[in-house]
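A.B. asks: Chain order of the listed sequences is A and D.
Start counting at 1 in the first sequence, then tack on 75, and there's your number in the numbering used here.
Start counting at 1 in the second sequence, then tack on 7, and there's your number in the numbering used here.
If you're looking for bench data, these hints aren't it; they were derived computationally from the structure.
None of these values were measured; they are calculated from a predicted model.
Ideal placement from N, C-alpha and C gives every residue a C-beta, glycine not left out.
Certain hints may be false.
[What the hints assert, rightly or not] Looking from chain A toward chain D, a few residues come up when the C-beta cut is under 8 Å (computed):
1) Glu172
2) Val176
3) Gly181
4) Phe219
5) Leu330
6) Glu331
7) Cys345
8) Cys357
9) Ala360
10) Arg375
11) Ser386
12) Val388
13) Ile397
14) Ala399
15) Ala411
16) Gln415
[Said to hold, decoys possible] Have a look at the derived ranges for each label pair, beta carbon to beta carbon:
17) Arg50/D with Arg112/A: 52 to 58 Å
18) Gln124/A with Glu233/D: 52 to 58 Å
19) Gln180/A with Lys164/D: 46 to 52 Å
20) Ile234/D with Thr191/A: 45 to 51 Å
21) Leu173/A with Leu110/D: 58 to 64 Å
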Amino acid sequence: MLDITISRGTTVALPKAEFDLLLADLRENGYQTVGPRQQDESIVYSDVQSLADLPRGVQTEQQPGHFRLVQGASNNYFDFIPAADSWKKFLFPPRVELFTVRKGQGWEYVETETDTPRYALIGVRGCELAAIEIQDKIFIRPDFYDPTYRLRREGLFIIAVNCLHPAGTCFCTSMGSGPKVEGSYDLCLTELDDIFLVEIGSELGRSLLSKRKYDLPSAFVQNIANQKLARAVQEMSRSLDTSDLPGLLTEPETLEAARWDDVAKRCLSCGNCTQVCPTCFCWDATDSVNLTATQASRTRVWDSCFNPAYSYVFGGNTRPTIRARYRQWLTHKFGAWKEQFGMLGCTGCGRCLTWCPAKIDHLAEIAALRAEVNP
Amino acid sequence: MTSLLPQSAPPTAGHPGRLIQPDWAEIVRITPETEGISTFWLRFIDPQVRERYHFQPGQFNMLYLPGYGESAISMSSDPEDEERLVGHTIRFVGTVTKNIGRLKVGDVLGVRGPFGTSWPMKQIEGRDLVLACGGIGLPPLRPAIYHIIRNREKYGKVTLLYGARTPKDLMYPDEHEEWKRHDIQMEISVDRGDENWDGRVGVVPMWFYNFRIDPRNTAVLTCGPEIMIRFVIYEGLARRIPAERIFVSLERNMKCGQGSCGHCQIGPYFICKDGPVFPFSVLQRYVNVEEY
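Chain A extracted, bound-state conformation (with noise of 0.2 Å):
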């Protein structure tokens, strides 16, 4: 080990070989190591062990309704941009179960033991992090926090990576969200051939790092890193014109606006969006009962603005047609939210268009509505 101090803030050049030895060491302080992995074509977060796990020199391509995996000249680890998969099912996840009761004198709960899991994440991209970031405004308040959110944050280690190579549906620097990480995270990563560089973002960050064989990376090193950066922001193709958000989406102009009917001739309703946006937190409560229904189970799962049953109420549906779903879900998110939650409820991660199977770029939509409220 070298004799440099190290402290939040500081970079330092870390031979990838370590990496695995850090992964390691976060397994033995009790977290489970979670990735990307390639799976079914495309890239899953689950659990990895070490850096073989990951896919390596893949990259994807991404266009409004095109995802496909491309191998690359490269063998890193980090090429890729993330796809349907986000972390939001670590935090807020998909179904899990809230309670269970027994028919006895009344009603009992009954007691289950869970065990809170900790998550160490490999690979959090500057969207992502932003992501997790709004989700925390949403489930830990003030006045309200949801248990299941708030047990796994706190225990939450984040390994972030710096985007060098966005995909066609990515705009996170519309977003202010990236392709650089921003926001709080325990270690950032910059990939490059053989080192990662990486900044240290907390103590337990460091405490970490400092059990490993690290050097200080030369001007030589991090230079290419900035370079990288840099052309990583340059190759950003695309952009969204926040200056008039949320004010154009929240006016009654826009909400009448025949940009909705040309819309909804092309959406589905089939909810993809919102299923694979990490920042969307809609959801339902089930309810299950055994055979002698003596015991009822009630389970939260995600739901969705464009399920037709979510805004039912007896009598009939408040948005029955697709028009007034896609029109809540849009303006919603780059609308209602600031008013909600003090931000956007959008990071530029890009996989709503990459997800869409009608192709629908919703930043075009925004775009034609502009275009058409102040012609």
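Position chain D relative to chain A; hints supplied.
C.D. replies: Chain D only, in chain A's frame:
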């Protein structure tokens, strides 16, 4: 975020460390009201919950029937009930409420609440009041009526406009005389009369054409079918009652009651915590947007 709106207090029934986990309450009494509507009088089993639970007129509870789910129901009883019973007038229409309708005295329900904003009883002191409701819109206003009766000198002229489908659908008929005795002017109308009906036939908002009000000093509280609410608002505004003094109680699909599940949103508002009672001034820009 929304400083225009009053903040609703945190609920006192329901486990605070758990998401949507209710406390238990026993059904002490069931009062049949009309066809398919009964009032369920609940008492919390845990004495501590019974002690700390208070609600304001216009707030609602989430009632949980194991195996079926939860339903948002406004309290319809006197918030200062001496027995500390909490009354919920329920129409049996959905999976949850239909099966609540099969329960008997002594059965147990889960309860979380109280949730949401209340009728602004303090703010409207000194005003003439028009309470306009239709059908199942009367129960959420009944706690306000009890409050007015208890503090009758604090309010000016009070008029209750109440519409029902038929004379048989009129709720709480035994109490109407008592309300009149406390100088509440009752204006009842039905959609269809029967052979014994000699009252008004028509719709609630029409009342505004038959009576004089002083717009400078009148507040409107309204709850009922959205179409009725809409026309009550129009008639109120047409008579220059300011939008800030027209209070509306809205209904939407709700799962959590705490602005988390997302279902009840209208614009930036979560109806469960920013409502259900809103001054019309904050809803004005949204209510006429079709299917919003």
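A.B. asks: Are there hints from earlier that the structure breaks, and if so, what are their numbers?
C.D. replies: 1, 7, 13, 21
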